[in-house]
Amino acid sequence: MSTAAKELNGWDVEKIRNDFPVLRQTVNGKPLVYLDSAASAQVPQVVIDRGSRYLQDEHSNIHRGVHYLSQKATTAFEGAREKVKRFINARESRECIFVRGCTEGINLVTHGYGRKFVGAGDEIIISAMEHHANIVPWQMLAEEKGAKIRVLPMDERGELQLDQLEVLITSRTKLICVMHVSNSLGTINPIKEICHIAHKQGVPVLVDGAQGAAHLSIDVQDLDCDFYIISGHKMYAPTGSGVVYGKAEWLEEMNPFMGGGDMIKTVTFEKSTYAALPNKFEAGTPAISSQIGLGAAIDYLNSIDREKAERYEAELLAYATAKLSAIEGVRLIGTAREKASVISFTVEGVHPHDIGTIFDNEGIAIRAGHHCAQPVMQFFKIPATARASFAFYNTKEEVDKLADAVQKVIEVFA
Amino acid sequence: MSELSDLYQQVILDHNKKPRNFKRLEDANRVADGHNPLCGDQLTVYMHLDENDVVRDVTFEGSGCAISKASASMMTQSIKGKTRSEAEALFTEFHKMVTSELDAETTPNNLGRLTIFAGVRDYPARVKCASLSWHTMHAALENKDSVSTE
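For the record, the sequence lines run as chains A and B.
One rule links them: number in my numbering = place in the first sequence (from 1) + 2.
One rule links them: number in my numbering = place in the second sequence (from 1) + 62.
Some hints could be false.
[To be verified] What the simulated footprint calls covered on chain A by chain B, stretch by stretch (three residues with Cβ under 8 Å from a Cβ of chain B suffice, anywhere in the stretch; the number is not a length):
#: 1; segment: 349-357
#: 2; segment: 363-376
#: 3; segment: 379-388
Hints are computed from structural coordinates only; laboratory data are not their basis.
All values reported here derive from a predicted model rather than from experimental measurement.
Glycine included, each C-beta is placed from N, C-alpha and C at the ideal position.
With the sequences and hints as input, model every part of the structure.
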């Protein structure tokens, strides 16, 4: 590691990389260059250790046993909820519902809010850059209820056309669904402004925070969003962890999602009554070790200087953008003015899957495909893109390897 | 892991750049769409199967990676003029080769030039790319209008 890289923005990337054991391996005889954190970010040792400690010393079911282990597991699980609450600055921890990831979280709101408040002829606005997880559940709901989906358009840079939002909102609009950071384009959307426009007309806003929580500091009270959904595995926690933040006034009014144990107050064969928040939305045994892992990932993020991490990622993005744009035949998809460290690109005459395979041969992991955002691909009239996504553990040298690999792709297909 | 050049052989790169029979077939009496929903690859196979069950002509259109495009291109060349059962037999052999069930070097077969796709077996994520056009051709023979590989 060169001194220059080490001192980049005062960020000691070598030290950070030591926290992530997976990064030490070689792939196809070459050091792993992991540029697919937007799909799943790697997990630091402290998170792995916390999960193992739970399994070794505390494993037991939560919220039901009077015995020692169950108490320990419950304390750890609810402790993770407290950490989430502080991490996103929710008013109360009961506004933080644990789910298995963003997809389940959005479906929770579709069922809980949508089935109760959306009727025939009502409208839901979703943005043109949404992930399938924030499109398909709403289409299923619209089909069931006879409601309509309206799309907030974007421009060629991959920025939402906010001036269209006020035009789209009508007296029938029941919800606006928008992602904080685009997984396919990198765009950071102006959530606070969107919420402001929506709330003037009394419309709530759901934010898909899958990519947002990994890159940005989240303050749900400042954003004033009504729902903010998080996937743990995008923010250095294990898969199977995630959060639905919802304003308590909505969560109280909403229908439960899944029925089962732990979400009830009383059950008879005639009728059941439901538990208070957050349990009302947490039927069945959750992914206890994963959610405790999410708490540990939050501790980890709090232990590093997140502002510096954000600046460092911005620096990597700028460096990679400059390097890739300089290569003839490379087209960047998504050139918004506010971007997180995600670069989607195409190479003229080469399909992204071939790019992915050639990269893999060089030990470089990227994502190739439509990124579960087929409407975005249709907008840019391309079948797929190659996507490199950077986390604060990536280095400038890895960006250089990325650019070299692009040259190699061009050579193979020349 | 084999060398990258085993996968991206010159013949494959050439068929990717200049796919053969890459057009709509106006007098097709069998048409099938192939889809790989995981990666978004899609292609259409047009076939004219005559009254004696002989593939008189076969073409394709669509978008996909180099492996899927070259495979489709060479598939059309290989089955043109073949009887239905010969085409089916070739499909079976090709499928076995890319999924490592058949070693084309040691087992007698009718694959001929198609053996250049043997390298795909070392890239499990790419097996679907190589076999999509064959599945679609098979669907056309069976008179099914679409097929999906995942």
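Each hint tested on the structure:
{"no.": "1", "hint": "349-357", "result": "holds (count 6)"}
{"no.": "2", "hint": "363-376", "result": "holds (count 5)"}
{"no.": "3", "hint": "379-388", "result": "holds (count 3)"}
Hint check: no violations occur; every hint is consistent with the structure.
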